[in-house]
Each structure stands twice: as structure tokens, then as C-alpha cells.
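Chains A and B, in that order, give the protein sequences. Going left to right, the first sequence walks through residues 4 to 116 as the numbering used here numbers them. Going left to right, the second sequence walks through residues 2 to 115 as the numbering used here numbers them.
Worth flagging that the hints you see were computed from the coordinates, not collected in a lab. Here the structure is a predicted model, which is why all the values come from computation and not from measurement. Note that the Cβ used here is the ideal one computed from N, Cα and C, for glycine as well. Some hints here could point you the wrong way.
As the list claims (entries may be wrong) - A few chain A residues that face chain B, going by a derived Cβ cut-off under 7 Å, partial list only: (1) GLN51; (2) PRO65; (3) ALA90.
Unchecked claim - Where chain A lies over chain B, by a calculated footprint (3+ residues, C-beta under 8 Å): (4) 59–65; (5) 102–114.
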Amino acid sequence: ETGVTQSPTHLIKTRGQQVTLRCSSQSGHNTVSWYQQALGQGPQFIFQYYREEENGRGNFPPRFSGLQFPNYSSELNVNALELDDSALYLCASSFRQNTGELFFGEGSRLTVL
Amino acid sequence: KQEVTQIPAALSVPEGENLVLNCSFTDSAIYNLQWFRQDPGKGLTSLLLIQSSQREQTSGRLNASLDKSSGRSTLYIAASQPGDSATYLCAVPQIYNQGGKLIFGQGTELSVKP
Numbered sequence: 004e005t006g007v008t009q010s011p012t013h014l015i016k017t018r019g020q021q022v023t024l025r026c027s028s029q030s031g032h033n034t035v036s037w038y039q040q041a042l043g044q045g046p047q048f049i050f051q052y053y054r055e056e057e058n059g060r061g062n063f064p065p066r067f068s069g070l071q072f073p074n075y076s077s078e079l080n081v082n083a084l085e086l087d088d089s090a091l092y093l094c095a096s097s098f099r100q101n102t103g104e105l106f107f108g109e110g111s112r113l114t115v116l
Numbered sequence: 002k003q004e005v006t007q008i009p010a011a012l013s014v015p016e017g018e019n020l021v022l023n024c025s026f027t028d029s030a031i032y033n034l035q036w037f038r039q040d041p042g043k044g045l046t047s048l049l050l051i052q053s054s055q056r057e058q059t060s061g062r063l064n065a066s067l068d069k070s071s072g073r074s075t076l077y078i079a080a081s082q083p084g085d086s087a088t089y090l091c092a093v094p095q096i097y098n099q100g101g102k103l104i105f106g107q108g109t110e111l112s113v114k115p
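Based on the sequences and whatever the hints tell you, model everything.
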């Protein structure tokens with residue numbers, strides 16, 4: 004059974020650019036959730052994907068968007084990057100019909116200069 | 002609106018000490034509560050999940066309790082070791098029985114000194 008994997012692990016962008024982060028969910032999990040974690044803070048829920056559709060969204064602007072693919076992997080896209088977007092982006096997977104444990108990847112560290 | 006608070010923000014203890022980490026939530030109608038561990042710059046590792054019908058869960062030297070009526074959960078770590086040094090986070094679902102959409106506390110940064 005493979006765990007949640009994310010790529011890239013680190014990346015540096017400049018203001019105004021666009022970024023795509025990728026996530027492969029844990030084997031058997033059909034739901035992917037994305038979180039943003041600023042330094043010294045707890046993770047903040049961005050959105051969740053189930054059956055390739057967005058299934059709930061946190062307080063993030065539309066320039067944060069995502070995709071889920073038939074194999075349940077997912078992408079997080081952020082357009083028009085701002086300095087405050089610098090954070091650790093975490094992907095978590097779960098099984099939709101199970102409101103139990105959430106399993107996280109190691110995250111993608113984004114720095115916006 | 003559900004809010005989750007963890008106090009203290011940081012804690013330093015000598016090796017071998019038993020310790021308790023606290024987590025408070027404002028809405029007692031929670032479906033479950035999950036404790037995580039996070040090493041610096043890393044992702045979150047699930048430690049324990051307590052369902053709303055449970056009072057406590059144990060895994061090795063860790064014991065988590067849940068008191069919904071008072072809006073509190075505690076994570077007890079027995080015989081602490083330097084390898085326990087990390088940030089510990091608690092989280093509850095935003096919506097009662099919808100998994101994956103969690104509200105997190107800000108975490109307690111634990112340092113265990115040899």
C-alpha cells in the first residue's frame with residue numbers, strides 16, 4: 004500500500020507567476036483534500052475533490068483551483084502568485100464513505116519572491 | 002463557527018517526563034477528533050483518531066482523551082523521549098460527518114531535552 008505522495012517538494016516562484024502542485028492519493032482512497040500551512044500556523048483547508056469534482060471549499064480566492072483525475076490523483080493550481088502564498092501545501096487523502104482518518108503527504112514548500 | 006485552540010504554543014520538558022497536551026474546541030457537536038504529529042518542514046502523521054462515541058484511544062505511549070461536553074481533548078505522552086520532539090496538532094471536521102475538511106489548532110511545539 005503506497006502512501007500519499009506530493010511533487011515537487013520545494014519550488015521558488017516570483018510574484019504574478021502560476022504554479023501547479025501534484026498529489027497522488029493513498030491506494031484505495033477516492034477523496035483528496037488540499038491544505039495551506041503558513042509558518043507557525045495550523046493547516047487551513049483549501050478545497051476537497053471527490054469523483055473529479057470540487058466538494059467543498061475553504062476561504063480561498065478563485066485563483067486557487069484544482070483538478071482530480073480518474074485515478075484519484077490531484078493537482079492544485081495557483082494563479083497570479085502573491086507573496087502571502089508562500090507556505091507549505093499539504094495534500095491529504097481519505098475514503099469518501101469513511102469519515103475516519105486523514106492521511107497526509109510530505110507537502111510542497113512554495114516560496115514566492 | 003467551530004474554533005480549535007491549543008495551549009501552550011510551546012513546551013519544553015526533560016527526557017522521561019510524562020506530559021499532557023491540550024486541545025479545546027468551541028462546538029461540542031463533533032464527529033471525531035484527530036491528533037497529528039509534524040516534524041519541522043514535513044507533512045502530518047496521524048497519531049490517534051477518537052470517534053465522538055469514545056472517551057479515549059491509546060497507541061503505545063500515547064493516550065488521547067475526549068470530553069465533548071467540556072469541548073476538550075488531551076494527548077498524554079508517557080515517558081517522553083527526545084524523538085518525541087515535534088509539533089502536535091489536533092483537528093476536528095468542519096462539518097459534522099464530512100471527512101477530509103478539518104479545522105486545525107495552531108499546534109503545540111514540544112521539545113524533549115536529553
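- Task: Classify the hint on PRO65 (chain A) as holds or violated, based on whether any CB of chain B lies nearer than 7 Å to its CB.
- Result: 18 Å, violated
- Hint check, ALA90 (chain A) versus chain B [nearest Cβ-Cβ separation less than 7 Å]: Constraint on ALA90 (chain A) not satisfied, violated at 12 Å.
- Check, residue by residue, whether the region 102–114 of chain B contains three or more positions whose beta-carbon lies closer than 8 Å to a beta-carbon of chain A, and give the verdict. holds (count 7)
- Within the assertion that chain A covers the region 59–65 of chain B, do at least three residues meet a Cβ-to-Cβ distance smaller than 8 Å? violated (count 0)
- Are GLN51 (chain A) and chain B close enough, Cβ to Cβ, to be under 7 Å, as the hint says? Given a least distance of 5 Å, the restraint on GLN51 (chain A) holds.
Going through the hint list in order, the structure does not satisfy hints 2, 3, 4.
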